[in-house]
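Work out the full structure, taking the sequences as your base and the hints as a guide.
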Amino acid sequence: MPKYCEKYKKGSLEMLFLKLLSEGDFYGYELAKLFNHLSDNVITLSAGNMYPTLYKLEEKGYIRSYEKTVGKRMKRVYYHLTEEGRKELQEMLEDYERVVNATNAILNFRKEELKEMIL
Numbered sequence: 001m002p003k004y005c006e007k008y009k010k011g012s013l014e015m016l017f018l019k020l021l022s023e024g025d026f027y028g029y030e031l032a033k034l035f036n037h038l039s040d041n042v043i044t045l046s047a048g049n050m051y052p053t054l055y056k057l058e059e060k061g062y063i064r065s066y067e068k069t070v071g072k073r074m075k076r077v078y079y080h081l082t083e084e085g086r087k088e089l090q091e092m093l094e095d096y097e098r099v100v101n102a103t104n105a106i107l108n109f110r111k112e113e114l115k116e117m118i119l
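Numbering follows UniProt numbering, in which position 105 of the sequence shown is assigned residue number 105; successive positions increment by one, without gaps.
Hints listed in this document are in silico derivations from the structure and should not be mistaken for laboratory results. Note that the Cβ used here is the ideal one computed from N, Cα and C, for glycine as well. Any given hint could be a false lead.
[Unchecked claim] Pair ranges (Cβ atoms, derived):
| # | residue 1 | residue 2 | range |
| --- | --- | --- | --- |
| 1 | 77 | 102 | 33 to 39 Å |
| 2 | 72 | 100 | 46 to 52 Å |
| 3 | 70 | 104 | 40 to 46 Å |
| 4 | 19 | 106 | 22 to 28 Å |
| 5 | 42 | 68 | 40 to 46 Å |
| 6 | 113 | 42 | 45 to 51 Å |
| 7 | 97 | 74 | 39 to 45 Å |
| 8 | 104 | 22 | 21 to 27 Å |
| 9 | 11 | 33 | 19 to 25 Å |
Next up, the structure:
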């Protein structure tokens, strides 16, 4: 993965987890597969970067985990977005939109526009 993709990923993982969980409850493996699929493998997750982020979100009260028995013996840990998490996600999305718009304004700047800005 290019070095800047890795930096952007680190800064947005919490928001992306909250967004996915706003669509329903998922267990860890499902979340990893969703990240890979939806991002065309640009954002890939390992247990080393996924679970610490999920634990941090749970400590903050944004998500909660629960066990569900699948089959006869297997238990899976599912993650659920709390109401507090929904509120936090909304704030994150609003901030993210502001940053994207500001970044795009700078990336699309052309020197010819300078006269218009000054006048």
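Going through the hints against the structure:
no. : hint                   : in the structure
1   : 77 <-> 102: 33 to 39 Å : holds (38 Å)
2   : 72 <-> 100: 46 to 52 Å : holds (47 Å)
3   : 70 <-> 104: 40 to 46 Å : holds (44 Å)
4   : 19 <-> 106: 22 to 28 Å : holds (25 Å)
5   : 42 <-> 68: 40 to 46 Å  : violated (30 Å)
6   : 113 <-> 42: 45 to 51 Å : violated (31 Å)
7   : 97 <-> 74: 39 to 45 Å  : holds (40 Å)
8   : 104 <-> 22: 21 to 27 Å : holds (25 Å)
9   : 11 <-> 33: 19 to 25 Å  : holds (22 Å)
Against the hints set out earlier in the document, violations occur for numbers 5 and 6.
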